[in-house]
Amino acid sequence: MLQTEIAVLRFGLGARPGDLTAATGDPRSWLRAQTQGEVQLAGMTSLAPSEQIFAEVLAAREERRDLKREAAAQPDTDSKAALNVLREAYLPHYRAQVLARAQSATLTNRPFAEHLTHFWANHFAISADKGAIFGLAGTLENEAVRPHVNGRFVDLLTAVEQHPAMLAFLDNQYSVGTDSAAAQRAERRIALGNSPKRQFGINENLAREILELHTLGVDGGYTQQDVTSFAQIITGWSIGGGKGRLAGGQTGRFFFRDNLHEPGAKTFLGKRYPDEGKAQGEAVLKDLARHPSTARFIATKLVRRFVADEPPPAAVERVARAFVNSDGYLPHVYSALIDAPEAWDTTPRKFKTPEDFVFSTLRAFDTPPTKPAEVIRSFELLGQRQYTPGSPAGWPDIAKAWDGSDALMHRVLWASLVAERVEQGVNPLDIAASSLGGYVRPDTLTALRRAASGTQALALLLMSPEFQRR
Amino acid sequence: MHRRRFLLSAGAVAAGAALPRVLFANTGGTARLVVVILRGALDGLAAVPPYGDRDYADLHRELALAAPGAADGALALDGTFGLHPSLNFLHERYHAGELVVFHAVASPYRDRSHFDGQNVLENGLTQPIATADGWLNRALASLSQRHAGQPERAVSISQNVPLILRGDAPVLSKSPMATPDVDEDLLARLADLYSKDDWFSARLSEAVQGETLADDSHRMAALPAMSDVTATQPGKSAAADRPGSAARLAALLMRSDGGPEVAVFEATGWDTHANQGGSKGALAQRLAGLDNALRMLADGLGPLWPQTAVLVVTEFGRTAAVNGTRGTDHGTGGCAFLAGGAVHGGRVIADWPGLGHNALLDNRDLRPTLDLRSVFKTVLGDHMRIDAGALATRVFPNSNGARPLQGLIRA
Chain A
1 MLQTEIAVLR
11 FGLGARPGDL
21 TAATGDPRSW
31 LRAQTQGEVQ
41 LAGMTSLAPS
51 EQIFAEVLAA
61 REERRDLKRE
71 AAAQPDTDSK
81 AALNVLREAY
91 LPHYRAQVLA
101 RAQSATLTNR
111 PFAEHLTHFW
121 ANHFAISADK
131 GAIFGLAGTL
141 ENEAVRPHVN
151 GRFVDLLTAV
161 EQHPAMLAFL
171 DNQYSVGTDS
181 AAAQRAERRI
191 ALGNSPKRQF
201 GINENLAREI
211 LELHTLGVDG
221 GYTQQDVTSF
231 AQIITGWSIG
241 GGKGRLAGGQ
251 TGRFFFRDNL
261 HEPGAKTFLG
271 KRYPDEGKAQ
281 GEAVLKDLAR
291 HPSTARFIAT
301 KLVRRFVADE
311 PPPAAVERVA
321 RAFVNSDGYL
331 PHVYSALIDA
341 PEAWDTTPRK
351 FKTPEDFVFS
361 TLRAFDTPPT
371 KPAEVIRSFE
381 LLGQRQYTPG
391 SPAGWPDIAK
401 AWDGSDALMH
411 RVLWASLVAE
421 RVEQGVNPLD
431 IAASSLGGYV
441 RPDTLTALRR
451 AASGTQALAL
461 LLMSPEFQRR
Chain B
471 MHRRRFLLSA
481 GAVAAGAALP
491 RVLFANTGGT
501 ARLVVVILRG
511 ALDGLAAVPP
521 YGDRDYADLH
531 RELALAAPGA
541 ADGALALDGT
551 FGLHPSLNFL
561 HERYHAGELV
571 VFHAVASPYR
581 DRSHFDGQNV
591 LENGLTQPIA
601 TADGWLNRAL
611 ASLSQRHAGQ
621 PERAVSISQN
631 VPLILRGDAP
641 VLSKSPMATP
651 DVDEDLLARL
661 ADLYSKDDWF
671 SARLSEAVQG
681 ETLADDSHRM
691 AALPAMSDVT
701 ATQPGKSAAA
711 DRPGSAARLA
721 ALLMRSDGGP
731 EVAVFEATGW
741 DTHANQGGSK
751 GALAQRLAGL
761 DNALRMLADG
771 LGPLWPQTAV
781 LVVTEFGRTA
791 AVNGTRGTDH
801 GTGGCAFLAG
811 GAVHGGRVIA
821 DWPGLGHNAL
831 LDNRDLRPTL
841 DLRSVFKTVL
851 GDHMRIDAGA
861 LATRVFPNSN
871 GARPLQGLIR
881 A
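Going line by line, the protein sequences match chains A and B. For what it's worth, the numbering used here labels the leading residue of the first sequence as 1, then goes sequentially. For what it's worth, the numbering used here labels the leading residue of the second sequence as 471, then goes sequentially.
Source of the hints: derived by calculation from the structure; they are not laboratory data. Do not take every clue at face value.
Stated by the list, open to error - Sample of chain A residues facing chain B (criterion: CB under 10 Å; computed from the structure): (1) Glu212; (2) Gly404; (3) Asp443.
Positions of the beta carbon are idealized from the N, C-alpha and C atoms, including for glycine.
Taking the hints into account, I'd like the entire structure generated from these sequences.
Quick look at the structure:
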């Protein structure tokens, strides 16, 4: 693999016709230029913001309640329709987000920055498998990640942890301090016999995953006591627009509920944090963002994404040092990655994930998708339904997680379907040259020339070892 | 279907796999094993409520299940433990003497990360190691070689192979999502194109094997086609997420000629931090789905059921007390199930530590009193007939403390 191909195919998202020429001059500068400024969605799309989606879903819930009441009064009413209200409110947003993502990946002139956006969205993964956030899955990536991809890690981290989709995904919005005003009030009511007995307390889900998956890493040096303490610190980090105990705040926006917050100073990782309400948790995030374990954990994942499944220690060390020295200023971190000699190993060591495969294919043919169903079905077929990693750990980034024999057969099937739909007159050899440049092997070119049809040649190209790796 | 014919031609092209397949009817003889992994940490105190424990109802509060006989109460087992009312099939198997329920069990892992917990559950070691292979794969490697034409003894019901089955022994993967036929000429040419790349070559050859098996088992008629899978409902649509489809496919493949003796599938959605529900609700629905899948597995295996053991495990249990959002957080000790015609069941095996404040681990979790590897070793030794020496060294290194149990498998 040559330098230009490495920049475009490994760091980027694959080559459109002309891309390999554009990056020929100085591949490193071409990459570095992409690490400045906001990373906006490429394409014409305008997506609904999360607060609008939240408002729509609240309205749908009201409607569902009404329908349920009707259904109870009149047995003939179709109650199944009532249950689908929520899903239907979310569905158009999910479809729009998935389409916009694929269009942007195809059209962007800053594919390294887009790739980094995907990296961070997967690092801070939420999953549309959770019905409550189904239609919000893309909003975290577009609203919390994109503005900070080329900024400071602490700002990215804070934006993500205070994004309503994350708070809802990891159940923090109803986490209640046991000594909070709300809990105290409820206990008085229970004592007076005015309220059913119900447990108030924390939910440690978000706190644990911030430590384990977003910052320090599982071996980063924290205890169960730290998890519990951190969970207490971020009680009150919630979403505006509820009712009763949860009234207040703007619908669908981050809202600090003082009445749910556990009062008092807390000790976390051996340091005492005075109670400053919302700022108590933000102070913890600041310290987590500059922790050496965080630097190492992020560096390891970046190197795994852009170099090899087994990250070379020297490259990890270089990137982690840049993280520490720059206090998590991400352009410097990316720069260290670009400077790592291991990243320019001429033998590609990464087997493409389905996402890598789909996006690089769309770019190879320079054809942004136009229908959400095409994108959704493609990823379903290939085993990586968009925004559904299934767990907060995100999609795995090693070949072993994607190289099952059945998965390979699905790739062959998808490649055939794509090849059949490509316009007549597209020359497979031209596509091979523009999408792989000097990386294409003579054997592959021979196979393309000997193919029974142009369609078969294109399928062979997409399934060639060099197109399947980066 | 012409896959079998193609298999030979692909083998002829793809480096050295050109031996003809020996066919045999998969109806009798050797033992069968199915492992079901519940990812996300099942609440053992919900699935197997210890209603006889005096602290249970106080801790599990609104999630606690009532004793058998009460409205929405647990299904009776032995006077101390019950089964969640969603688990009808397992309850039937218990009373048919075909289910052992384990409680207060855990892998050697003692922290509370899903991902490390699953890693240890599947790697069979004492700690998470990113590069490890899986204990079930190491167990397969300890068995005698199977006929060369089809060396894969195990199948993962998924597109990709989970850690428990990764390793040196060849393994098939097959997902429940049926696919239209791929052009055979394309496959043959790909085999040719991969001939200098062992990594791709091996996978393509296995992929073709998998297709052949699936064709043999008439999967196309029995499973939803792509067009049935509506592409619009994450979490509800993909057949891969429905344990029932996975169970049915596992049974079909195991029944087919030359089919695998071992199958693994998984079910997700057990991470119930909020609104877990009790006899009804979110977890109850998941459990009903699991129970139904196990019933479909048994029905599908049919004549193979008497020689089958089905192991159902999860990475750890959940907190004994309900949290602030009507759910439970990550814990330690939990439950496991061993079902099947080959199982000497009708028993709960639990050295019950109790749920009193001082009995709990770290004042929060059910304290484990049995190492899951003891169960694994017993099943692999007594059922799959794997040599005890191999189990103690290669398959489960550093597991001297986890001794095999007696009498779990029918003689």
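Results of checking the hints against the structure:
1. Because the closest C-beta pair between glutamate 212/A and chain B is about 5 Å apart, less than 10 Å, the hint holds.
2. About 4 Å separates the beta-carbon of glycine 404/A from the nearest beta-carbon of chain B, less than 10 Å, and the hint is met.
3. Below 10 Å, beta-carbon pairs count as interface contacts, and aspartate 443/A has one with chain B at about 7 Å; its hint therefore holds.
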